[in-house]
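K.L.:
Listed below are the residues making up each chain.
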Amino acid sequence: MSARDSILTKIRQVNVAGSDDTARKQAVAARLSDSPRGIVPARGQLPDSERRALFEAMAQKFAATISSVADYSDIPRAVSGYLREHNLPADIRIGDDERLAKAGWDKERTLEIRHGASDGGDMTAVSHALAGIAETGTVALASGTDNPTTLNFLPEHHIVVLKASDIDGDLESIWDRLREKFGKGQMPRALNLVTGPSRSGDIEQKILLGAHGPRALHLIIVDE
Amino acid sequence: MQLTSDRFKQQAQKALVDAQLQRALLNVEKGFIGKRQMAADALPEFEALRDNARDIKNHTLAHLDLYLEAYEKKVTEAGGIVHWAENAEDARRIVLDICRKAGTKTVNKGKSMITEEIDLNDYLAANGITPVETDLGEYIIQLRGEHPSHIIAPAVHLNKEQVEGDFRRVHTHLAEARDLSEPAALLSEAREVLRKQYFEAKVGITGANFLIAETGSSVIVTNEGNGDLTQTLADVHVVVASIEKMVPTLEDTAQILRLLARSATGQDMSCYTTYSTGPRREGDPDGPKEYHVVLLDNGRSSMLGTEYQEMLRCIRCGACMNHCPVYQSVGGHAYGSVYPGPMGAVLTPSLNGIEKTGQLPNASTFCGRCEAVCPMRIPLPKMMRHWREREFEKHLTPATARYGLKLWAFFAKRPKLYRLAVSFGIPALSALGGTKHRFRALPFAGGWTRHRDLPAPEGRTFQQQWQQREALKQNVDQKRAA
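Those protein sequences? They're chains A and B, same order as listed.
The opening position of the first sequence corresponds to residue 8 in this note's numbering, with each subsequent residue numbered one higher.
The opening position of the second sequence corresponds to residue 872 in this note's numbering, with each subsequent residue numbered one higher.
Think of the hints as simulated: they come from the structure by calculation, not from any bench.
It is possible that some hints are incorrect.
Listed next, the in silico EDC-like pairs over lysine to aspartate or glutamate satisfying Cα-Cα at most 20 Å (straight line) [unchecked claim]:
| no. | chain 1 | residue 1 | chain 2 | residue 2 |
| --- | --- | --- | --- | --- |
| 1 | B | K1265 | B | E1178 |
| 2 | B | K906 | A | E163 |
| 3 | B | K1073 | A | D126 |
| 4 | A | K191 | B | E948 |
| 5 | B | K885 | B | D1324 |
| 6 | B | K1067 | A | E211 |
| 7 | A | K213 | B | D1050 |
| 8 | B | K1307 | B | E1329 |
| 9 | A | K191 | B | E940 |
| 10 | A | K213 | B | D1324 |
Extracted from the complex, chain A is given alone in its bound form (with noise of 0.2 Å):
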């Protein structure tokens, strides 16, 4: 009997044993197709305004930091002045997504853009994030072309933009996102929930940021 074959039957002894198998079928098909929703706390069911300062106050708890821009052309700008502000290279490592590439970049002569997956040599990347998470200050990011996994955790800064209308309050929500654009029970390769800039307390539990991931993770929230 294949290893396989061995622990299912041996799981099945228990489980099958004096009940009835079409009603745990029945039970198993049905929790998969309805994904029952649980307990969502109360803490992010708010109305917009509300429900933003929540999202901001949660990633500053976490040590984001956040800026916020009218519109998408102002992006560029803003990236500019962050990369000033921290004394970095005025070059950046950026996806495909189309949100970003239509920000018109090049009203800033001197930022230097190189697109597609990090290489580990990028001090700073930009990504767009699928959705935010207030009730935990969260980005959800998707990976694929627009936005590669790689940038999300190799430069040492990470800016990320989201629009202020994909701050959603729970973290069920980002599953309803992710079922309209892939389908029911379909993912993206990666979806990574990122709170904060890496960190590590594994030196006497003491906190500090900077651990293999960025030590940065600054936010531009999009107000259009």
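Using the hints provided, position chain B relative to the given structure of chain A.
P.N.:
Okay, now just chain B, sitting in the frame of chain A:
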């Protein structure tokens, strides 16, 4: 690692007089307990979420065969490969085969307790493949040739001076005069050293906090980002996970995630929670080209349907050990097993048999704090008691303890004799306790008094107090009735 749980007592004795360890263990309380409490208090739904998380896992375990099949189907659809492993040996061999096919000399590892359980590092090294731990704590203990002393804080038994010594010993390519006196400097150095390593290995191995039947995804929860670099930059991502990591849906992970970070580190959410589904897709600029899941049983299926089934709800947050007075006193290595603390005291006998691990379920005062903080409401003291019963039934309990129990049982079954003995014994002990009412040494109790005084009995016995309470209550009831 070699199981040395049968030497728990000797190992604990040594730990109690180890000044370095005792200093490091102070960080457990500072680092975890208050933070967990604050995070739990800040979420009004926390207790209700614990109930729901318990129910989710109970439902999953009752339908585990079906969810595993559904999960396997989804992984395969996404282009991943599921390998089933009945035991540690199978799992090790599968991982080695994957590494050999990838033609790699070195593998990177994200933090994973399951690969500790199957002794993967030693096996790979013995077969010519160098494993490199990338989590800071795991990296430190790998340099020292040690095993984790805590399931989420593997180097919690160390002080920064010890880490500095190890870095100076190993990182000989760096300037000798560099300042490593602060944890921040140590962290920067580890970051720099490991950064290069991420690009060297063709295979990256991680564990999983969840496997999701609905989508065929595996989930890792980390703070450092090392697990993500490990799995994103390698050509081949290997997930090693035991079968009880299964949950039905994305929604179910959200419920349990709200408990996990709060119970572990007191964060509302860990820095990085990553859902991985299959290998790189067409057009993807990054991510692994192969995605493998080694689905490991290693004794779990034998726990189903027994009094230890509830242990399979464990999400490895570490709250039980953080809050355990025994763990706080002796640290994790004294347990002599992969999993320390209360969860280890239940799980280790299940995985390795009670014969060599009987001291672990006895290493508890049954104070109940582990159960009080367990996010999955696992009745740890009850299960430790079951293991003590198994141990007693198998005559594994030491003779002195068995005779002691028999002697006590003799009196307990004869209440009049018991009360008579107590009526002489208590005043005598009370008088002997002197003005401080404590014993600094007692015959037959050296094991206790070596490390602390034994309080002398004072006042009335439990039974006397009970009778008095009952009499009072009756009085009150009679007055009310009147």
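K.L.:
Report the numbers of all earlier hints that the structure fails to satisfy, in ascending order.
P.N.:
Hint check: 2, 6, 10 fail, others pass.
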